[in-house]
Amino acid sequence: VPFLDLYTKQVLANRTAIPKAILLNVTELLRHCSHDEFKDQVLPAAQKAMLRNPEVIQDAVSELVRGVKLDLSQYALDVMKLFAGPISSKDETSRTIAVQAMKNLAIQCSDSGAIEKLAQNLFKILGGVGNLVYNTVSGTSTLQALSTTVALMFLPTLQQEVHEGTLVHTLSMLSLWCGKFYTEVPDKLLEWFQKGMALKTSTSAVRNEYIRCMNAAFHADTMHQASKILPLLLQTLDKAEKQPNQQQLVAEMVSASCLLVKLAAVDIEAESKLGPFWNMILDTKKQHLVNTKFLSSASDETLQSLIFLLERLISEFPSKMSETVSKPYYRALIFCLCRKSWAVRRAAITSTKKILSLLGGAQIAVSLIEEFQKLQQDQTLSDLTQLVSKDEEASKSDSGESNKVVAARTMSSALQSICAVEKVDPVDAEKIALITLIPTHHPYIGKKSLSYCPRAGRPKSCVNEQTVASIKKDIDEDPHISVRELSNTNGLSYGTVHTIITEHLRMKKVCARWIPHLLTEDQKRERVHRAMELLSMFEPHGPKRLSDILTGDETWFPFFIIPPKRLNRMWVDGQGDRPVVLRPGFQSRKRIFTVFFNYSGPLVVDILHQDSTMTATYHVQNVLSQVKSAINEQRSKVSTSRTLLLHDNADPHKARATTQSLREQGIQVLPYPAYSPDLAPCSSGCFRFCRTD
267 VPFLDLYTKQ VLANRTAIPK AILLNVTELL RHCSHDEFKD QVLPAAQKAM LRNPEVIQDA
327 VSELVRGVKL DLSQYALDVM KLFAGPISSK DETSRTIAVQ AMKNLAIQCS DSGAIEKLAQ
387 NLFKILGGVG NLVYNTVSGT STLQALSTTV ALMFLPTLQQ EVHEGTLVHT LSMLSLWCGK
447 FYTEVPDKLL EWFQKGMALK TSTSAVRNEY IRCMNAAFHA DTMHQASKIL PLLLQTLDKA
507 EKQPNQQQLV AEMVSASCLL VKLAAVDIEA ESKLGPFWNM ILDTKKQHLV NTKFLSSASD
567 ETLQSLIFLL ERLISEFPSK MSETVSKPYY RALIFCLCRK SWAVRRAAIT STKKILSLLG
627 GAQIAVSLIE EFQKLQQDQT LSDLTQLVSK DEEASKSDSG ESNKVVAART MSSALQSICA
687 VEKVDPVDAE KIALITLIPT HHPYIGKKSL SYCPRAGRPK SCVNEQTVAS IKKDIDEDPH
747 ISVRELSNTN GLSYGTVHTI ITEHLRMKKV CARWIPHLLT EDQKRERVHR AMELLSMFEP
807 HGPKRLSDIL TGDETWFPFF IIPPKRLNRM WVDGQGDRPV VLRPGFQSRK RIFTVFFNYS
867 GPLVVDILHQ DSTMTATYHV QNVLSQVKSA INEQRSKVST SRTLLLHDNA DPHKARATTQ
927 SLREQGIQVL PYPAYSPDLA PCSSGCFRFC RTD
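So for the sequence shown, the numbering used here puts the first residue at 267; every next one is plus one.
Misleading hints may appear alongside valid ones.
Claimed, not checked - Calculated pairs, DSBU-like style, for lysine-lysine (alpha carbon to alpha carbon, straight line, at most 30 Å):
1. Lys551 / Lys508
2. Lys697 / Lys586
3. Lys689 / Lys775
Simulated from the structure, these hints should not be mistaken for lab results.
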């Protein structure tokens with residue numbers, strides 16, 4: 267392939283670093299690479315290039331792995347060996363590229379055996395394989411077996427390592443694989459969770475990461491196993507309550523509470539043992555988890571866990587979370603909505619949407635707005651001006667004064683999130699609108715942007731109530747009028763008229779749908795009556811009885827598409843005459859097809875001879891005879907004794923000979939109202955798609 271030759275010579279064989287833009291855009295061509303081309307041409311070139319100058323070409327090889335649209339399971343070990351050196355390099359850039367390459371490789375692998383071999387080889391180098399979790403292996407049992415195997419590979423590292431940072435990172439990678447447990451958590455891992463928490467080398471940060479691992483491991487069908495570590499979690503709560511000033515211990519309490527609240531929702535027996543947990547949650551005086559001091563110093567990961575906790579508390583335990591108990595948690599949610607970190611704000615926005623969608627979401631929105639006003643009162647324009655004018659100084663620290671000042675745009679976004687209640691009652695909507703009048707008109711919110719402020723030199727828009735009403739009137743008088751005609755009539759630009767129609771009037775232009783016949787009132791009532799009759803026939807038996815239905819109809823099919831006239835154009839001499847060709851006709855190039863099918867597929871396809879006519883006699887002798895044979899053959903394979911026929915009321919279908927033949931064959935005809943092609947699968951579905959294809 268010329269492109270692959272060019273790619274291997276100019277990209278993979280290049281002795282200088284290739285610009286990132288080229289590597290990203292060349293993937294659109296690499297996606298067409300086949301297995302043979304990758305194996306015989308691309309992979310050998312990549313191996314040769316990585317041996318010669320890996321530090322220059324490894325980024326290109328990483329993008330190569332990402333760009334091809336092949337299952338790379340069979341080449342996984344060969345590709346992994348290319349990055350065995352860079353992945354353990356002292357150079358951070360090389361390590362980062364190699365780690366991303368392993369992630370790209372995992373995404374392209376769907377074979378569990380290949381992923382397992384990759385994990386075994388990478389553990390010898392690194393002791394951890396977090397990015398391999400992004401594989402595309404499918405199947406619950408296969409993923410469970412693979413995740414169990416890989417998760418147990420982490421245990422030797424956790425048993426031998428004593429460095430806090432290494433342990434925390436190892437556990438964070440293990441938690442990725444723990445999220446892949448679908449049926450059970452391995453017993454060895456469950457035992458190590460309890461043992462690892464008690465080790466002397468397990469600092470507060472390490473214990474917190476252990477609990478995060480448990481949160482990832484225990485979910486859905488594995489949740490019942492969490493009762494085995496319930497005493498350990500309650501011990502964590504007790505330790506933190508005795509030392510509430512130790513922020514690391516409170517962070518452990520947040521992580522443990524996330525697991526306890528999940529356990530309380532699914533395990534009735536565990537509910538009776540969770541007294542200390544509920545006492546801590548419902549205590550409005552101590553507020554260990556949501557006090558201002560802890561929130562200001564908490565990490566982004568801890569705040570995200572806190573958001574998950576309060577979402578589960580409010581949504582799943584409304585009887586316990588009264589208005590008084592919930593207020594501190596609402597305040598914590600507002601704090602997270604105004605946090606500088608986008609990861610925290612994104613999690614808070616998502617949880618806010620879920621909370622407001624609950625029954626009573628309007629009242630929750632009112633409470634959130636009240637807490638928002640309290641936070642807004644602490645913000646001053648002088649602090650905002652100082653934050654904007656000294657961005658560099660403010661960005662040096664994530665704590666202290668810089669965290670107290672919330673950007674105006676962030677605060678505006680938070681207010682929009684807590685007001686977005688869907689399908690709200692008009693009375694509640696009015697209440698929300700009234701309570702938001704003051705915070706929305708606060709000068710601090712107005713500092714978000716000056717682009718909408720009226721000032722000298724800013725042109726006025728032509729879009730107003732008068733122009734919108736004029737456009738609406740013209741459209742009502744003539745629905746077929748064009749945008750250009752509206753533009754000329756009203757003296758507005760084309761773009762302005764288009765904006766008014768689409769954004770202000772919320773209208774769009776469509777083509778009317780052609781129908782073969784306008785139904786009378788009697789025919790409409792007949793349609794309703796027949797439809798209700800069909801529903802009453804099948805409702806007691808459910809969908810399984812739909813397999814008894816047989817349907818069929820006749821239609822014209824052309825044997826080929828007639829070419830357009832422009833294809834007959836040809837070059838002739840200047841003085842030459844126009845050539846002549848025979849005009850293609852329709853009559854000899856289309857035939858009547860009769861198709862009968864049921865749930866299993868087509869049963870009969872009959873093509874009417876060119877010189878024949880579709881009559882009741884032909885229908886009975888040539889079509890229904892084939893239908894009878896097909897039904898008898900199918901009955902011998904499937905345990906069904908009843909056949910229901912749904913067809914329209916064409917003359918061959920309602921003729922006496924046809925009716926008698928169907929009665930003799932024991933086929934019951936379903937009622938069909940007149941002029942109802944949309945109720946016939948042939949007319950509305952089968953034939954339309956056949957003609958399209």
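Hints violated by the structure (numbers, ascending)
Checked against the structure, no hint fails, so every one of them is satisfied.
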